[in-house]
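K.L.:
Residue numbers (the numbering used here), protein chains in the order written: chain A, 1 to 115; chain B, 116 to 230.
There could be a bad hint or two in this list.
To be verified - Not close to chain A: a few residues of chain B, all C-beta gaps over 12 Å, as computed:
id: 1; residue: Gln121
id: 2; residue: Lys128
id: 3; residue: Glu145
id: 4; residue: Asn146
id: 5; residue: Leu156
id: 6; residue: Arg159
id: 7; residue: Val167
id: 8; residue: Ser208
id: 9; residue: Ile209
Claimed, not checked - The calculated label-pair distances, taken between Cβ atoms and stated as ranges, are:
id: 10; chain 1: B; residue 1: Thr228; chain 2: A; residue 2: Ala97; range: 32 to 42 Å
id: 11; chain 1: A; residue 1: Asp81; chain 2: B; residue 2: Pro176; range: 21 to 31 Å
id: 12; chain 1: A; residue 1: Pro40; chain 2: B; residue 2: Asp141; range: 38 to 48 Å
Stated by the list, open to error - Listing some non-contacts, in silico: residues in chain B with all C-beta distances to chain A over 12 Å:
id: 13; residue: Ser122
id: 14; residue: Gln152
id: 15; residue: Asp153
id: 16; residue: Asn199
id: 17; residue: Ser202
Because the hints were derived from the structure by calculation, they are not lab data. Even for Gly, the Cβ is constructed at its ideal location relative to N, Cα and C.
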Amino acid sequence: AQTVTQSQPEMSVQEAETVTLSCTYDTSESDYYLFWYKQPPSRQMILVIRQEAYKQQNATENRFSVNFQKAAKSFSLKISDSQLGDAAMYFCAYRSAGGSEKLVFGKGTKLTVNP
Amino acid sequence: DVKVTQSSRYLVKRTGEKVFLECVQDMDHENMFWYRQDPGLGLRLIYFSYDVKMKEKGDIPEGYSVSREKKERFSLILESASTNQTSMYLCASIAAERGGYDTQYFGPGTRLTVL
Numbered sequence: 001a002q003t004v005t006q007s008q009p010e011m012s013v014q015e016a017e018t019v020t021l022s023c024t025y026d027t028s029e030s031d032y033y034l035f036w037y038k039q040p041p042s043r044q045m046i047l048v049i050r051q052e053a054y055k056q057q058n059a060t061e062n063r064f065s066v067n068f069q070k071a072a073k074s075f076s077l078k079i080s081d082s083q084l085g086d087a088a089m090y091f092c093a094y095r096s097a098g099g100s101e102k103l104v105f106g107k108g109t110k111l112t113v114n115p
Numbered sequence: 116d117v118k119v120t121q122s123s124r125y126l127v128k129r130t131g132e133k134v135f136l137e138c139v140q141d142m143d144h145e146n147m148f149w150y151r152q153d154p155g156l157g158l159r160l161i162y163f164s165y166d167v168k169m170k171e172k173g174d175i176p177e178g179y180s181v182s183r184e185k186k187e188r189f190s191l192i193l194e195s196a197s198t199n200q201t202s203m204y205l206c207a208s209i210a211a212e213r214g215g216y217d218t219q220y221f222g223p224g225t226r227l228t229v230l
């Protein structure tokens, strides 16, 4: 079974600075998808960014980018120019490429942005 | 715009009560999921459904059942609520595999307290 590990329960960053959230995963599959979700306080979980395992190029979405290291099974999220609205719980998730659409989640990282 | 709704944001029930949590999606998605979210444990899958009247157990199905009589609606049932079922419950949906990396869409969550 696949597992996802987020080793940082909490992180903090100064507004306008850069922060990196860590995620590692364990799988024997070669084709899969990885996701970062954001859950703001009392608000809905939304997708931040996603990566296909067979694509070597790291995904980027505006201020959000990932560092995908397939051999190391690492999928970190970098947030540049942090804003107060980035404060949230961030979850890393794994999904197999074939069959079920089930997601396996990490335990989350709570990000605080200091003004 | 994509929408997943849950019947209640906050719910307080007593031990032993039968509890229904309702989830509705308007995207004609085949797959629907119920998760439980607890601090330090992340999201854990309770049950999922890949079609009307079809269901599969997730990682923590004990004490729960589900019902999917219509494609757009997926209900989570606590047959006899217990205090250890106090938690945040999240519903999600996604279309069946299309060869892409579509994301799960989440509802706002129901915070259930069992007294």
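K.L.:
Now tell me, hint by hint, if it's right for this structure.
P.N.:
The hints, checked one at a time:
| no. | hint | verdict |
| --- | --- | --- |
| 1 | Gln121 | 10 Å, violated |
| 2 | Lys128 | 21 Å, holds |
| 3 | Glu145 | 9 Å, violated |
| 4 | Asn146 | 5 Å, violated |
| 5 | Leu156 | 6 Å, violated |
| 6 | Arg159 | 8 Å, violated |
| 7 | Val167 | 16 Å, holds |
| 8 | Ser208 | 9 Å, violated |
| 9 | Ile209 | 5 Å, violated |
| 10 | B:Thr228 <-> A:Ala97: 32 to 42 Å | 39 Å, holds |
| 11 | A:Asp81 <-> B:Pro176: 21 to 31 Å | 43 Å, violated |
| 12 | A:Pro40 <-> B:Asp141: 38 to 48 Å | 22 Å, violated |
| 13 | Ser122 | 15 Å, holds |
| 14 | Gln152 | 8 Å, violated |
| 15 | Asp153 | 9 Å, violated |
| 16 | Asn199 | 18 Å, holds |
| 17 | Ser202 | 14 Å, holds |
In summary, the numbered hints that this structure violates are 1, 3, 4, 5, 6, 8, 9, 11, 12, 14 and 15.
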